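**Q** Reassemble the complex: the two chains are provided individually, in unrelated frames, and hints are given to aid placement.
Residue numbers (the UniProt record's numbering), protein chains in the order written: chain A, 1 to 296; chain B, 1 to 474.
Hints in this document: simulated from the structure, not taken from any laboratory. Possibly wrong hints are sitting among the right ones.
The following residues of chain B were derived to be distant from chain A, with all beta-carbon distances above 10 angstroms [unchecked claim]:
1) Q46
2) L47
3) P58
4) K60
5) A160
6) V226
7) P341
8) S380
9) V385
10) K404
11) Q470
12) L473
Quick look at which bits of chain A chain B covers, simulated, 3 or more residues with Cβ under 8 angstroms [what the hints assert, rightly or not]:
13) 35-44
14) 58-67
15) 126-133
16) 233-240
17) 250-259
27 angstroms max Cα-Cα, derived DSS-like pairs, lysine-lysine [as the list claims (entries may be wrong)]:
18) A:K53 / B:K96
19) B:K467 / A:K53
20) B:K242 / A:K147
21) A:K147 / B:K239
22) A:K147 / B:K175
23) A:K153 / B:K434
24) B:K467 / B:K96
25) B:K328 / B:K314
26) B:K96 / A:K272
27) A:K147 / B:K266
28) B:K444 / A:K153
29) B:K287 / B:K368
30) A:K153 / B:K254
31) B:K254 / A:K147
32) B:K388 / B:K345
33) A:K153 / B:K184
Predicted model only: the values in this text are computed from it and were never measured. All C-beta atoms, glycine included, are put in the ideal place defined by N, C-alpha and C.
Chain by chain, the residues:
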Amino acid sequence: MVALAKKKEWSLLLLLAPALLYFLIYHFIPISGMVMAFQDYRIFGKSPFVGFKHFRILFASPAFLQVLRNTLIISFMKIVLFFPLPIIFALMLNEVRSSILRKFIQSTTYLPHFLSWVVIAGIWIAFLSPANGGLNQLREMFNLAPKDYMTDKGAIRWVLFASETWRSLGWDSIIYLAALASISPSLYESADLDGAGALQKMRYITLPELLPTMVTVFILNMGFFLNAGFDQVFNMMNDSVISVVDILDTYVYRIGLLNMQYSFSTAASLFKGVIGLVLILAAHQGSRKITEKGLW
Amino acid sequence: MKKHSIVLWLMVAMLVTGVALAGAQPKVRLVLKDLDTDPNAAQFIQLIEKGMAAAGTPVKIEIVKVPSGNYAEKISLMIMSGDIPDIIYFQGGDDKIAMQNLLEDLRPYVAKSKYIKNVLDPHSKTRLESYPYLVWVAPPRVRAPVIRKDWFDTLPSAKAVATNPTVDTYYALFKDLVQKKGAKFGISITGATNGVEELDSIFDGAFGITSTWMKGADGQWVYCRVTPNEKQKLEFYAKLYKEGLLDPEYLTKKWDTKEQVFYEGKAGIIAGVAPGSIDVYANKMMKTQNTTLVPLPPPAGKAQGLGPFVDVIKESRGFAIPVTSKVKDAAFAVLDFMWSPAGLKIAKLGIPGLHYIEEPNRYVLTDKYAEWYNGWFGDSFNGFVPDKPLSRPIMTEAAVEAGKLAVKYMMPDKTFLIPEQYIANWDAMTNLYKEYNADIVTGKKPISAFDEFVQKWYSAGGTELTKYAQTKLK
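Just chain B, same shape as in the assembly (with noise of 0.2 angstroms):
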């Protein structure tokens, strides 16, 4: 009998002791796009509540699903019917929901932090400082030009734009591909989804287009697409466009047609975000055409620079933490071991096993790392030193020197919020200069359209909204 007390004694303590470890480990409730539905999610969140247990700060993680569909649309509907889980990831629509005091002041929780305030670039920290709700640490999303290395090595026009890149000798490049390696077309873009952007990445700098809003010549402040030099940019590439050097089915293009083209060798050139999408190209263009990329630097004109714009007002996707979170020091706390060395190695290697073995010596790579995605807390390799040797390059060379070209090529935004009032109006203009632009580039309104265009810009609350760029901007 007294044997079974002391059973069940030390059962009720274990279930006691239990029940109160339990209570001492906060659970924070993580919404993260694409990482519900990834078949790794479960290994990876237990990988990390156990490395925060090691640490000293042990958590419990819920991953919270996002119904399919639009991801910052979702988001924004999920917070609005009053389900708000501690930590958010947006990409796109934080800035309404900052507006109304939803979500937490994060500089002072970088500032206390150990690892994330030690890991942000100085454009991270500038945006944090200027727009304090969301945190993420990643290279500038920059696109740069990428052209096959086979192609780049018999071309001289691509050696002279490698080593004197002008809006020239990327013309003579485009001629050559198409005359001389059979490409249809010298370059394709999603103009499905982006119209010109991907075109503007590379020349907006040459026809000194640097920054959304821009000096005049009498010191006011003018939008960038309503300015003579946009209208010189356009009429290039309507040249492009009528020669047959760009994509000429560009406007129904998106990013799967897109890089379809570039695999098959019927478009010579194309430009992704570097280093990530130029990553993906490289391996895709081994695989079918056992050759490797070359990134272009961009052309040197009025100015040279790669786009789009970095937005130094705030980040376009990151974390953010409501206020009110019940536990946003754990909150944080997740976020900022995942730039911890321990926390670095679960995120860049993935899942010990499955997408690298550890050898004495080294850490083998897997063929399944290929579909680890290494950027869920952000896409950034700063601080990760791994403890040993990896098999292989995380990422492939023209990868590293696309992003190398990305960092030195960035052009620092100058550009404010629309506020509420010209929103409306903003999606008038905005679509105004789409159309006039897709219609100006294609050949179904002359370049002299251009002034018209800007005429109806200013008409549509380009005046208005010119004039309240003047009292926001330095």
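Bound conformation, chain A alone (with noise of 0.2 angstroms):
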């Protein structure tokens, strides 16, 4: 019996293989490389240890706190504001009866997240054109003066936080969708029985069987809160609202690749690391204490 389930184990981690190889090559291997962040990285030669410079360069520099700043609240917007959108969505679709409606919203959903951002920015600039834009006709019908929202530093984040919204809504509901599907019929015929309505099925079965996996997802999440979305940003962003979506990868992006300053690059990625990592411990702990439920 014991030899059984040992090789059923084998078999299990054969199909991990793969998996754990790929992120042993292109995640685990590539950590070495972060010793660039504290050297001058040089193509021939020895590149010279210069500790904490390009650290002291990345913090010292004048857009920093800026940059810091529009990261930490686009972020904010697209992580703990979207986070519920979702969950709702999902549980709104759940209680839709007809399977072809259904799976006519899933589709329509889901099809925005399979577009590149050039295409979506695109999009909403025509849609937002303060000329012809589908949004500013309809505010003229409210006798509304059109409004320029691309270049409206009030707006703009909102802009960025209403795209990412209609791309990532649908395809970010299939966790919930597939967790709202494994959850047991019989708990909500013994509600029915008790005479339960559909809010308190909501509330004492649906959202208590979701929260493992909203947990899970939202911790997930918190490592990437330093990362705003570099595609998004660097498609949306035009020179009247700079100074309030540059973000730490569009600003790594200019410093770091356009003039080849690797090692500040990796500096500044090794800090979003960081950052990240204690995100998600933090996160892990806090939930663990609240909920009793983290990633381990």
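**A** Shown next as structure tokens:
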């Protein structure tokens, strides 16, 4: 019996091997390259060790605080404010009885996820155009003056949030729909016998059953808190809104990649990685205390 | 048996000769933007190899593939990872590689060359002398404004610009384009990628902005974007925007949407790099509106010139040979061959039978010729004298005229490479300028905010950089 179990474990490990190998090659081994953050990297010859020089340059650069602030605000909007939306959407979708309608909604909401940000930026710029964009035509119907959302410092972050929601709402709801499908129907049947209403069933059955998934997703998202979305911001930024949407990734791209300051960009990546790790661990500990659930 | 032995020995001899010949033929690895994905690349390279063999300098050329994405960034990463081709086409990022002493000084190669030294324009020679790591044979990259010919012919204000170009005559033309020709706005620009650079290319000179760093009244060097001239210019741009003469959506316009509004008749004027882009515009305008284009001269004012300022310090793009290459002479021979009569025929006419047909008395350019990029090794046509006449000119008349304007009105720049310690400051200062510029032009901030910008610019590192400029510029 033990031998059979061991054999089964080996076959499972074998199935897991390609994924492990992928993480080893592309995610663990490259960590050694982080040493570049402490060197003045040279293509040939020895790269001299410079300690925390590049971190000092990063933290002392005139744009750093503004860029960090933008990153935190945009990430907060895209991770914390966005977080409940796919859950609500999944719960609503779960209540749709017609399978044809449900599949139609699912397909249309998943579709934007497969579009690149270049295309999405084009769509949103056209949609928000003050001259003939859909939204401004709607404003016109209500006798409101046209507004240029793309160049408005007060609106552009909400444009980022809205376009992110449009792109990811459907796709991110998949995991919650899967979790909803795995809830035992007997729980709902028992609740029906006890005379529970729809809201009570949601409060006492659905949400508690979804909690482990929600916690896991939230904690893992925290690791990406300083990744406010390079592709999106890069494609939707314009000269008028630089000061409110320039994020760490776009900053590092300009200074590090375009100006070939690779050690500097590695230092910025390491900074982001460390903050991400701290946030994951903090969220995990916090969650363990509050909900008794965490990543492990 | 004896017969078999002879055949066998012959085969061995042929094999050995073949190997020896292949060994004598150096292999040159070439990386060139978009060539790896061009459907005609293999034939193009075969023609070059054949031509070089005929010229007595046989080489084997291998095209190095580049991952899709930003070319400059991918090339830098390729080199940093240790994969270094023998000929590298750079479009930015080369200066950082040169700083690590990785690029060969090309001046001795050019001096010894048979063809390249004869086709370099003066601005290219100056650049090579000051930054000897890139060689590029091309006219100055200057933009020229263009208007469609049917509108030019029927608008007196357009003729006024052609004969007496000033800021005022341009302003009158913009107004006429909207009022009399039904254009939505006088001019459109690619603000999403270039800010107001395309407007600057027309108006900088007239407002007295003639180089990146200019000498002030006190004899000190000052950055052109913080001068009173810049303030006057922005005030004029704000007026254009307020009156609907500048595309109200310029900040989100990219090259494709800018061209689209021009061909649709919504924009009266656009500016493009002469002569290459102007040729594209003229051909597309002919297809969509059945009319060609007329390039316009820049307005005269405090000065007169077309931008962007022509960098005389270094090429912004071009070919380099790394010091690590084991076939440097062969690599340069490829570049030199491309400017020989045989090389120019391949580069400028394309693939025989596809892009042109050779007839006994002339070369007939086919419809497919429009798809041939004749600037792979440089946009210049210097030295290109076909041995037979062509069935039609390679470029439209509008493009040729725009090219002449570019040469006549180019403004040589006075600038320097931003040193590594100022890169982060320079980034912050540039963004500060871009944002104030956009806000002032679009009316979000009054023109008085310009003084606030100047103050912030100096605080963000401008003071130190201006001091540095005094030591670098003469």
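**Q** If a hint holds in the structure, say so; if it does not, say that too.
**A** Comparing the hints with the structure gives:
The Cβ of Q46 (chain B) lies farther than 10 angstroms from every Cβ of chain A, with a closest approach of about 33 angstroms, so its non-interface assignment holds. For L47 (chain B), the requirement that its beta carbon stay farther than 10 angstroms from each beta carbon of chain A is met, with the minimum near 34 angstroms. The beta carbon of P58 (chain B) is kept farther than 10 angstroms from every beta carbon of chain A, the shortest such distance being approximately 31 angstroms. Consistency note on K60 (chain B): stated as away from chain A, and its beta-carbon is indeed over 10 angstroms from all of that chain's, at 26 angstroms minimum.
The Cβ of A160 (chain B) lies farther than 10 angstroms from every Cβ of chain A, with a closest approach of about 29 angstroms, so its non-interface assignment holds. The beta carbon of V226 (chain B) sits about 16 angstroms from the closest Cβ of chain A, which is more than 10 angstroms, so the claim that it is off the interface holds. With a closest Cβ-Cβ approach of about 38 angstroms to chain A, P341 (chain B) is found to remain outside the 10 angstroms limit, as its non-interface label requires. With a minimum CB-CB distance of about 27 angstroms to chain A, S380 (chain B) clears the 10 angstroms threshold, and the non-interface call stands.
Every CB of chain A lies more than 10 angstroms from the CB of V385 (chain B), the least distance being 40 angstroms, so the non-interface label holds. With a cut of 10 angstroms on Cβ distances, K404 (chain B) stays outside the contact zone with chain A, its closest approach being about 32 angstroms. No beta-carbon of chain A is positioned within 10 angstroms of the beta-carbon of Q470 (chain B); the least distance is around 22 angstroms. The Cβ of L473 (chain B) lies farther than 10 angstroms from every Cβ of chain A, with a closest approach of about 22 angstroms, so its non-interface assignment holds.
Counting residues of the segment 35-44 of chain A whose beta-carbon sits less than 8 angstroms from any beta-carbon of chain B gives 4, enough to reach three: the coverage restraint holds. With 3 residues carrying a beta carbon less than 8 angstroms from a beta carbon of chain B, the segment 58-67 of chain A meets the three-residue requirement, and the given coverage holds. Chain B is given as covering the segment 126-133 of chain A, and this holds because 3 residues of the stretch bring a CB closer than 8 angstroms to a CB of that chain, at least three being needed. Requiring three or more residues with a Cβ within less than 8 angstroms of a Cβ of chain B, the coverage given for the segment 233-240 of chain A holds, as 3 such residues are present.
Coverage of a stretch by a chain is defined here by at least three residues with a beta carbon nearer than 8 angstroms to that chain's beta carbons; for the segment 250-259 of chain A and chain B the count is 6, and the condition holds. Between K53 (chain A) and K96 (chain B) the CA atoms are separated by roughly 19 angstroms; this keeps the pair inside 27 angstroms, and the hint holds. About 24 angstroms separates the Cα atoms of K467 (chain B) and K53 (chain A), which keeps this hinted pair within 27 angstroms; it holds. Between K242 (chain B) and K147 (chain A) the alpha-carbon distance is near 15 angstroms, which keeps this suggested pair within the 27 angstroms criterion.
Distance hint between K147 (chain A) and K239 (chain B) is fulfilled; the C-alpha atoms sit about 20 angstroms from each other, no more than 27 angstroms. Pair hint K147 (chain A) plus K175 (chain B) holds up; C-alpha atoms about 24 angstroms apart against a cutoff of 27 angstroms. Straight-line distance between C-alpha atoms of K153 (chain A) and K434 (chain B) comes to about 14 angstroms, which keeps the hinted pair within the 27 angstroms bound. The hinted pair formed by K467 (chain B) and K96 (chain B) meets the criterion: a straight-line CA distance of about 23 angstroms does not exceed 27 angstroms.
With a CA separation close to 21 angstroms, the supplied pair K328 (chain B) and K314 (chain B) stays within the 27 angstroms bound. A hinted pair counts as satisfied when its Cα atoms are at most 27 angstroms apart, and K96 (chain B) with K272 (chain A) qualifies at roughly 25 angstroms. Proximity of K147 (chain A) to K266 (chain B) is assessed by CA-CA distance (about 20 angstroms); at most 27 angstroms being required, the pair is judged to hold. Taking the CA atoms of K444 (chain B) and K153 (chain A), the gap is near 10 angstroms; set against the 27 angstroms cutoff, the hint holds.
Of the supplied pair hints, the one linking K287 (chain B) and K368 (chain B) holds, its CA atoms being roughly 15 angstroms apart against a limit of 27 angstroms. The straight-line distance between the Cα atoms of K153 (chain A) and K254 (chain B) is roughly 20 angstroms, inside the 27 angstroms bound, and the hint therefore holds. Simply put, K254 (chain B) and K147 (chain A) have alpha-carbon atoms about 20 angstroms apart, close enough for the 27 angstroms limit, and the pair holds. Only pairs whose Cα atoms come within 27 angstroms are accepted, and K388 (chain B) paired with K345 (chain B) is accepted, the gap being roughly 11 angstroms.
Only pairs whose Cα atoms come within 27 angstroms are accepted, and K153 (chain A) paired with K184 (chain B) is accepted, the gap being roughly 26 angstroms.
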